[in-house]
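Number of protein chains: 4
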Amino acid sequence: MAGNTLGSLFRITTWGESHGDAVGVVIDGAPAGIPFTEGHVQAWLDRRKPGGAKTSTSRKEPDMARILSGTFKGKTTGTPISIMVENRDARSSSYADIMDRYRPGHGDITYDKKYGTRDYRGGGRSSARETVGRVAAAALAHQLLKAEGISICAATVELGGVRAEKREYASMTENPYLCPDAEAAQAMDARVDEVRRQGDSLGGVVEIIADGVPAGLGEPVFEKLDAALAGALMGIGAVKGVEIGAGFDAARMTGSENNDPITPDGFSSNNAGGTLAGISSGAPLVMRVAVKPIPSITKAQATINTKGEAVTIETRGRHDVAAIPRVNVVCEAMVALVLADHLLRQKAVTWNR
Amino acid sequence: MAGNTLGSLFRITTWGESHGDAVGVVIDGAPAGIPFTEGHVQAWLDRRKPGGAKTSTSRKEPDMARILSGTFKGKTTGTPISIMVENRDARSSSYADIMDRYRPGHGDITYDKKYGTRDYRGGGRSSARETVGRVAAAALAHQLLKAEGISICAATVELGGVRAEKREYASMTENPYLCPDAEAAQAMDARVDEVRRQGDSLGGVVEIIADGVPAGLGEPVFEKLDAALAGALMGIGAVKGVEIGAGFDAARMTGSENNDPITPDGFSSNNAGGTLAGISSGAPLVMRVAVKPIPSITKAQATINTKGEAVTIETRGRHDVAAIPRVNVVCEAMVALVLADHLLRQKAVTWNR
Amino acid sequence: MAGNTLGSLFRITTWGESHGDAVGVVIDGAPAGIPFTEGHVQAWLDRRKPGGAKTSTSRKEPDMARILSGTFKGKTTGTPISIMVENRDARSSSYADIMDRYRPGHGDITYDKKYGTRDYRGGGRSSARETVGRVAAAALAHQLLKAEGISICAATVELGGVRAEKREYASMTENPYLCPDAEAAQAMDARVDEVRRQGDSLGGVVEIIADGVPAGLGEPVFEKLDAALAGALMGIGAVKGVEIGAGFDAARMTGSENNDPITPDGFSSNNAGGTLAGISSGAPLVMRVAVKPIPSITKAQATINTKGEAVTIETRGRHDVAAIPRVNVVCEAMVALVLADHLLRQKAVTWNR
Amino acid sequence: MAGNTLGSLFRITTWGESHGDAVGVVIDGAPAGIPFTEGHVQAWLDRRKPGGAKTSTSRKEPDMARILSGTFKGKTTGTPISIMVENRDARSSSYADIMDRYRPGHGDITYDKKYGTRDYRGGGRSSARETVGRVAAAALAHQLLKAEGISICAATVELGGVRAEKREYASMTENPYLCPDAEAAQAMDARVDEVRRQGDSLGGVVEIIADGVPAGLGEPVFEKLDAALAGALMGIGAVKGVEIGAGFDAARMTGSENNDPITPDGFSSNNAGGTLAGISSGAPLVMRVAVKPIPSITKAQATINTKGEAVTIETRGRHDVAAIPRVNVVCEAMVALVLADHLLRQKAVTWNR
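Residue numbers (the UniProt record's numbering), protein chains in the order written: chain A, 1 to 353; chain B, 1 to 353; chain C, 1 to 353; chain D, 1 to 353.
Because the hints were derived from the structure by calculation, they are not lab data.
Accuracy of the hints is not assured; some may be wrong.
Same chains, same label: a pair holds when it works inside one copy or across any pair of copies.
Said to hold, decoys possible - Simulated pairs of lysine-lysine, DSSO-like, Cα-Cα distance not exceeding 30 Å: (1) Lys166 to Lys49; (2) Lys73 to Lys113; (3) Lys73 to Lys49; (4) Lys73 to Lys347; (5) Lys113 to Lys347; (6) Lys75 to Lys347; (7) Lys113 to Lys75; (8) Lys347 to Lys54; (9) Lys75 to Lys307; (10) Lys307 to Lys73; (11) Lys347 to Lys146; (12) Lys54 to Lys113; (13) Lys75 to Lys146; (14) Lys113 to Lys146; (15) Lys347 to Lys307; (16) Lys54 to Lys299; (17) Lys307 to Lys113.
So that you can see chain A by itself, here it is in the shape it has in the complex:
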């Protein structure tokens, strides 16, 4: 109930603070016999590592994953899988100045109000560092999905107000923003440079597509597939909005425009984004998330200290200009975790078929 667990049958529990000894995850409910090694985990963790993209912090974490249980001879055994990544580069000293003042846009003030205390060495549990556990667990979810022919891709379709007009996925990895529009990626680059010089930060929009999802996943009425996905994606720290299919544009259409006609060969459009009545339809799942700008900026900001007095704050330390594109792999992770869980749940539904 305490909120650090996701999923029912494929269930993960993450733990760890940004400046503690380690971060990690326990996966419970993975079927036995799935190939899974530290190499699989590492490949995914490397994708979310800082230091890769121009938007990212200069903090360097080797992020070496260690699988402590639940596998034998390179395969899962059905027992819980514990994965740990030590925090080697956590320079707590540099955060001493935020010990008694609340950073705007951060959880400092709300953690204090909720728990009556706070680990003030960095973002603690609300740090993006926590997502290491999610991505590590999703490495296994992706193995499960791959076996069912499902693949997930999170593309940057907007950054700092620059929109991608094209969806040329092959070009995504050729630019540092995972943008499927090479020209837009260049404009994003210019925008990032400009904002970095100003000591400010940027937000954007990530579009996640899951291909190969079979029809029938999702549990009416409260655990609809789109509801589960929306909850999971909104559970990423920087996300402030989630759309499925046409999303907010659907609110401006008429029924005859929005309804996807059904043909013997499938749906002839995908405004629904791959779900009907909360159950996957066999069409690709299409989601978009609004990513807010990183709240840590070097510009001076008005805030209060822990005594409630007005003060100003200039966040130092190493921070990203944008959560994108590091958040993209986290979006993929959340979608993978939800789909893995619902795949297993559907086995119980089709018990007698």
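Mind docking chains B, C and D on chain A? Use the hints.
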């Protein structure tokens, strides 16, 4: 796990199909001693009844709620509360023509794929009729919230492309659309008339504000308050997008624009929409949902039958032009249910304070 | 969390007080396509009805079950199944004398301490009447188990100190105690008569055997099959002890005596009672429960009133001499519900086999 | 759902195999501000360590606990607490001979049937080594209970057929069996020596008493306090039976003998064992568990190999003669974990008091 249960400590389970004998809900976990009678339930059910607004179906349901357990002398006892509403006006015969063809935009096809069978008398479980149980249960959640000084309001801020520019809440109930902008309400009226004549339907945007929410609610990291709200709101059949605070607009701001400065008197803006790091901050919660147009339209549409053959369909029966404003009370219900649950959960967190 | 829900994939929630309008249950997670009608429910409810055995109350309840949702054309649809049984014979007036004094051995005092209030018209939620919902739900679980070749039988192996020495199951229904030893049943009969004359009551032991359970059910480590069964059986009001296999006798054996040798044809003994390390082994599940004497007796007893003053109480109303044999069908119900849940859970475990 | 998680508000998830890299636990839901250091954990782990009692294996594990997250300056922060204990003395080689033959009384055969695979280096997940995580987590539960004035004691009241007639708790730690009867302890000693020489093993009975438990804990109807305790205790590998209060003896009493009279000063007996209708009454909780003899014995036993052929097996390796008294601290742990959870749950119930 089967998806018809919402919440952990304040937990509800809804049941019932649109054309079955009855619909209802069981509430488990409500504290003892809360004033709660059939009158409380009825007042909320009356707000979601069809027949009120111009956008609504002509189906008339008395929707008389019966509390079967869990109260004694007008108060809750701590034991589960069962509420039942019989379906008196379900004319199954009029749905005979959709028995073997899938209505576009509906769950007919996905229910068949998930369960291998389907109650084809209307929407079954995916019908808006199911929300009777949610609204009935939320009547009790609202009682709990009222005792804590929390109130929730869902206003129509867009319908058929017409946007409300004002937020004059006092005027909301003076128009049939629950729109806080009287002028916009008139334009909505014209748009509804036009589309109804065309045999088509409309979508819109509902903005939900929760006032008086104390700081500290929400459980990091997967059950953040905004994640729980997003999941709950996306679990409403017609909803295709959810935003918190500035939402998708936050994706276009810089950090210095988006961060809400903190002052000794509170936050000087509310782009965050009342949560920071997934925990309520004490500022009002602000959410918006994208409501898709009702899929049932009288215009002919291309689809397939249960044999997979191409056919056309003209949905008959009694249907709304827009889910708005009936969906507004459902939005309020979902927010109330999530908040009631998190209020109780926070009692365990503050155990030793 | 509030305790009225059992199971994860095959999940039931019971509701209702002994002297309220009705009692009932919602079943969520049953697969679609299982034959299930009010006739199936009724057959099981009839077995737990009062008025049958000599140990039972003279209260007569027709116990007519009504299925309100979740079935279509005599089969389950995959949506929640709501079952209601109205309370027609609840003479509240006869309980007026227990309004302000706590009956020893009953939950009157603990309900007051837990909730700060109590529905004093009979046992409320702690009445055996609540088990109507469990038995109704188990009627569906039994349908599921039957399809897998599993059957469950609860036999009275001890009553009022009289032990059954034989296990002649064919003779069980020929005596009013469901005792598999005809001679012992006669001695039980004499003991019941004697104690009834004294205004007192009796306890006993019920042995439950589940045949045909496949190997592999049960989830290490906290939801072992025997742990789930023990929790479920101890959740029956009158039960004060639970054993699996040799149970307390195993504590007196050596390892070489207690270990069940394994042969190519199976286990050559069954001290384990059908589970090893919490997972079913393929051998029959064998459980025994200790059933305490009914606390409602007509003999005068010392107690206190709601003001805390010493008083005496003589329970009137209609009460059983022993919970046996009505509790037997409840034991079968609990075992069936646990097994149905674990059968579905195992489908997720064997995903890739 | 996969069974490695216990509790709802105070929730733990254990992980790790006997011969893997490490074992551990994640605690989620502990309130902030509780004093908790590695010293607290170590004190409890030392009590379950092998090598202490004469019944125990000669395997020596330093069992040094490492807290990886969730505490700051010696107190809990409200975030998940990860505790890891490395396996330093796991000599896998000595288990090579059990790789392809099933040990009677062990989970080897059922794990293979459930998962289709098995980590054959020792007991894997079904080893008593898994309880390190439980005991480590319970160290925090005990801190919570201590603050509420609750203490728990598990005494050996029977071993190898020798019964303790006295309850002189002060003498418990003066003998190696945690027996509250010094004379019986000596007889147990003789019995242990005898059976060890025979290459056999012993079972016994542990009685657990929880003092200071406030009235009101436990959730009717399926999560009654005694049901939760029974499920938790039966979830210990060696336990085959659980009793509350008079337990199986209650089945032989009449109602007038078994009912505990209530006086202005409390209950004048405690046959109920501290619960009424599944809710704690304020009287001490009294439970007894039947502990089966350790299945690993050096005597030759009949079994089959993984091909299904009849073979004999002589278990080598380092094994205890009896699970007692090492299991006693595990019993205390399980009771502490259940009580901590129910204490927090009761906070939600008493919300408005």
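Taking the hints in turn, this is what the structure says about them:
Only within a single protomer do Lys166 and Lys49 lie at most 30 Å apart by alpha-carbon distance; the minimum there is 27 Å, versus 45 Å between protomers. For a Cα distance limit of 30 Å, the shortest separation of Lys73 from Lys113 across copies, 19 Å, qualifies, whereas the shortest one inside one copy, 47 Å, does not. Taking the shortest Cα distances, Lys73 and Lys49 sit within 30 Å of each other both inside one copy (28 Å) and across copies (29 Å). Taking CA atoms no more than 30 Å apart as the test, Lys73 paired with Lys347 passes in both settings, with 27 Å inside one copy and 24 Å between copies.
Taking CA atoms no more than 30 Å apart as the test, Lys113 paired with Lys347 passes between copies only; the shortest distance there is 13 Å, against 42 Å inside one copy. Taking the shortest alpha-carbon separations for Lys75 and Lys347, both the intra-copy value of 21 Å and the inter-copy value of 19 Å come in at or below 30 Å. Taking CA atoms no more than 30 Å apart as the test, Lys113 paired with Lys75 passes between copies only; the shortest distance there is 17 Å, against 44 Å inside one copy. In this assembly of identical chains, Lys347 and Lys54 lie within 30 Å of each other by CA distance neither inside one copy nor across copies; the values are 43 Å within and 44 Å between.
Taking the closest pair of Cα atoms, Lys75 and Lys307 come within 30 Å of each other only across two copies (22 Å); inside a single copy the shortest separation is 53 Å, beyond that limit. Taking CA atoms no more than 30 Å apart as the test, Lys307 paired with Lys73 passes between copies only; the shortest distance there is 20 Å, against 55 Å inside one copy. In this homomeric assembly, Lys347 and Lys146 come within 30 Å of each other (Cα to Cα) both inside a single copy, at 17 Å, and across copies, at 19 Å. When the C-alpha separation of Lys54 and Lys113 is checked against a cutoff of 30 Å, the pair qualifies neither within a copy, at 35 Å, nor between copies, at 45 Å.
In the homo-oligomer, the alpha carbons of Lys75 and Lys146 lie at most 30 Å apart inside one protomer (15 Å), although the nearest pairing across protomers, at 35 Å, exceeds that limit. In this assembly of identical chains, the alpha carbons of Lys113 and Lys146 lie at most 30 Å apart only when taken from different copies (22 Å versus 43 Å within one copy). In this assembly of identical chains, the alpha carbons of Lys347 and Lys307 lie at most 30 Å apart only when taken from different copies (25 Å versus 54 Å within one copy). In this homomeric assembly, Lys54 and Lys299 come within 30 Å of each other (Cα to Cα) only inside a single copy, at 19 Å, whereas the closest approach across copies is 51 Å.
Proximity of Lys307 and Lys113 under a CA criterion of 30 Å is satisfied intra-copy only: 13 Å inside one chain copy versus 40 Å between copies.
Hints 8, 12, counting from the list given before, are not met by this structure.
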